[in-house]
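Protein chains: 2
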Amino acid sequence: MSEQAPRLARRLAGIAPFHVMELLARARELEAAGRSIVHMEIGEPDFPTPRPMCDAGQRIIETGELFYTPALGLPQLREAIARFYLERHDVVVPSSRIIVTAGASGALLLAIAALIGPGDGVLMADPGYPCNRNFVRLMDGMADEIAVGADTAYQLTPDMVASRWRENTRAVMVASPSNPAGTLMPAAALRDIAAIARARGGSVIVDEIYQGLVYENETTTALSFADDVFVINSFSKYFNMTGWRLGWLVAPAPYVREIEKLAQNIFLAASTPAQHAALAAFAPETLEILEARRAEFRARRDFLLPALREIGFGIPVAPQGAFYIYADCSELSDDSFAFSRALLEEAGVAITPGADFGANAAGRHVRFAYTNAIPVLAEGVKRIAEFLRRR
Amino acid sequence: MSEQAPRLARRLAGIAPFHVMELLARARELEAAGRSIVHMEIGEPDFPTPRPMCDAGQRIIETGELFYTPALGLPQLREAIARFYLERHDVVVPSSRIIVTAGASGALLLAIAALIGPGDGVLMADPGYPCNRNFVRLMDGMADEIAVGADTAYQLTPDMVASRWRENTRAVMVASPSNPAGTLMPAAALRDIAAIARARGGSVIVDEIYQGLVYENETTTALSFADDVFVINSFSKYFNMTGWRLGWLVAPAPYVREIEKLAQNIFLAASTPAQHAALAAFAPETLEILEARRAEFRARRDFLLPALREIGFGIPVAPQGAFYIYADCSELSDDSFAFSRALLEEAGVAITPGADFGANAAGRHVRFAYTNAIPVLAEGVKRIAEFLRRR
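Same order as they appear, the protein sequences are chains A and B.
Numbering-wise (this note's numbering), the first sequence opens with residue 158 and increments by one.
Numbering-wise (this note's numbering), the second sequence opens with residue 158 and increments by one.
With the rest of the complex left out, here is chain A (with noise of 0.2 Å):
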């Protein structure tokens, strides 16, 4: 009886299966069978957890004391992450308005679920983070989708975001830093989708949780200048805690009441031993871990493109910020999927495919990223280059 067809949530057609997670299966499995294959596919810091870190999570361990924190998160965390925006971002955020999240998913989830009704659209840019577009399908929302370039450094414009708000749009979904072309989103284009969004009645949710890996210019956050914002960070990103799944969520204070309510409900709370190993995060020590482990990223994006630039990759956009490199394919292959996959099996390099951003030309381009060290990312450039000799 169980073999018969599902009957599915109507809303399950429209959320896509990761490309990315069908390359990294066969990639294990050849890995498996003896393969050498170097991982550029994997959106994770090859960093393990700073050990300020690992400690704080082993001594509440050590108490076996791992008992629910409050639905909103550990009341000396929510301080700590105001005090880091005070202290790196010279903004002033009440930490009631500082919701601890399992992950950026989490926050996302609460943040979309407290705004987006059946019907309801969104804003956002393609190409663009996946799980975005799939959180609004979640809530039977409508992704509306924009096309967006080099010319906009991958990046919404007001222009765009004023030309396509709808009669049903709800909120436009921005990223700063950008996945996957890791770009920056400047502050007045930013302060001026917030005054859109604003005189529209709708809300603007923006992604901050590459926020500590920017390479050139200091890090701002939206909180700066406006208090109507839902800012989505992470401690999985610039702070290495992919696995702990612990990120945050900050609301405008006349919604915090409403998505308490919400987190009750879906989480009861984020994990404990994350929460407290993440009151290590903000130390000096641990940020002069972090702080090293972002020249290093540094280091590697400014090996790896220059490199692919030589071998016939168009990166118009130099990435600023994040751990990725988003990058036309089409002089190279008209078919960025068959290209990853042939890539793979042939040269044993995993990326990730255009498919996994959006439509936007997606058949021309391909992600990298840089969460290997240099000598690894040389091997895949070689790889690479060889590849392409061949064919």
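Hint data in this document are derived by calculation from the structure and do not stem from the laboratory.
In this text, all values refer to a predicted model and were calculated from it rather than measured experimentally.
Heads up, some of the hints might be wrong.
Intra- or inter-copy, both count: the list cannot distinguish identical chains.
Said to hold, decoys possible - Capping the alpha-carbon separation at 20 Å, the derived lysine to aspartate or glutamate pairs in EDC-like fashion look like this: (1) LYS418 with GLU179; (2) LYS418 with GLU201; (3) LYS539 with ASP301; (4) LYS539 with GLU503; (5) LYS418 with GLU502; (6) LYS418 with GLU324; (7) LYS539 with GLU186; (8) LYS539 with GLU467; (9) LYS539 with GLU502; (10) LYS539 with GLU219; (11) LYS539 with GLU302; (12) LYS539 with GLU448; (13) LYS539 with GLU222.
Position chain B against the provided structure of chain A, taking the given hints into account.
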């Protein structure tokens, strides 16, 4: 500008906060002011996480390698859960159908998101676990609550399900042992309910999160007689891992791929430290600790049940599992919320008003949790008795 009224998705209006949270917050205030409070409101075991699980968590943290696991969970944990079903329940559950989640909350979200679309109905008992109806409302479905009482041990019956099944009904949720009443659903009733749902093209979601905590008979699982039900389970209650946030879903085989897609997008993965800690959950030395605690819970129930009856609470059905007693307080008060509040303020005992579990006779009921040692429970009963005498 942020002080404008929030513009919320309509679903938020239907999602209630936990009333007990207000009482808990007030209890903490009273404690901070020096009052002694007996907590009988919290649905969380008072035991620390067993040492072997803490050790396993500490070992993985020691490596610093806290990376994402696959979206469905660590393969070796999924296999360990499958082995547990075989060894403890004598039922074959392929590990491919086991999805590791962030608490039972994550499992409920996945199951309901996969099954329930806007306007779809879900049958459930009132009183019942408060989040169930809120998960359904989160997905813009309709919680179709059926009043149950002592005559059916606070459980749905096949007749109720058959007669309340409507055009829009897509699923029925049951729990055994139940919350708040701690009662079991007879296997035959569950089998019949599964058949009724199956014949109508609907699904059954079975909450088995208190499965390990049963005090008379051996526990059974719905998986022993149906492979097309969704089973929710948790490491929180029997395994004492609340704050780690880890649970699991057993899905019918044809749904697994679609649920994986959802899990990839909504969660990425469950907590890595928690999954490694849970690998030690089924070790003989852990189970020995847990079985001793089960005996302790049983002793507490056996103390508290007659003690509460003695002082005037109506408990027509003895709870057989979980760590709750659902009591009729109508001989003492016709407003269980005011009664709970007065009990806290005047006697220093925190309990949960019926309103948290639904609307059916909620004003005449309260829930006691025996998540405290017998001397503490005895002190609570003494205070309640004195409070009643004073009135």
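So, going through the hints one by one against the coordinates:
1. With identical chains, the CA atoms of LYS418 and GLU179 are at most 20 Å apart between copies only, with a shortest distance of 12 Å across copies and 37 Å within one.
2. With identical chains, the CA atoms of LYS418 and GLU201 are at most 20 Å apart between copies only, with a shortest distance of 19 Å across copies and 31 Å within one.
3. Proximity of LYS539 and ASP301 under a CA criterion of 20 Å is satisfied in neither setting, with 39 Å inside one chain copy and 61 Å between copies.
4. Taking the shortest alpha-carbon separations for LYS539 and GLU503, only the intra-copy value of 13 Å comes in at or below 20 Å, while the best inter-copy value is 76 Å.
5. Proximity of LYS418 to GLU502 under the C-alpha cut-off of 20 Å is found in neither arrangement, the shortest distances being 49 Å within a copy and 24 Å between copies.
6. In this assembly of identical chains, the alpha carbons of LYS418 and GLU324 never lie at most 20 Å apart, being 28 Å within a copy and 30 Å across copies at closest.
7. With identical chains, the CA atoms of LYS539 and GLU186 are never at most 20 Å apart, being 22 Å at best within one copy and 64 Å at best between copies.
8. For a Cα distance limit of 20 Å, the shortest separation of LYS539 from GLU467 inside one copy, 11 Å, qualifies, whereas the shortest one across copies, 81 Å, does not.
9. In this assembly of identical chains, LYS539 and GLU502 lie within 20 Å of each other by CA distance solely inside one copy; the values are 15 Å within and 73 Å between copies.
10. Taking CA atoms no more than 20 Å apart as the test, LYS539 paired with GLU219 passes in neither setting, with 47 Å inside one copy and 35 Å between copies.
11. In this assembly of identical chains, LYS539 and GLU302 lie within 20 Å of each other by CA distance neither inside one copy nor across copies; the values are 36 Å within and 63 Å between.
12. Taking the closest pair of Cα atoms, LYS539 and GLU448 never come within 20 Å of each other, the shortest separation being 29 Å inside a single copy and 58 Å across copies.
13. Taking the shortest alpha-carbon separations for LYS539 and GLU222, neither the intra-copy value of 51 Å nor the inter-copy value of 28 Å comes in at or below 20 Å.
Violated hints, listed in ascending order, are 3, 5, 6, 7, 10, 11, 12 and 13; each of the other numbered hints is respected by the structure.
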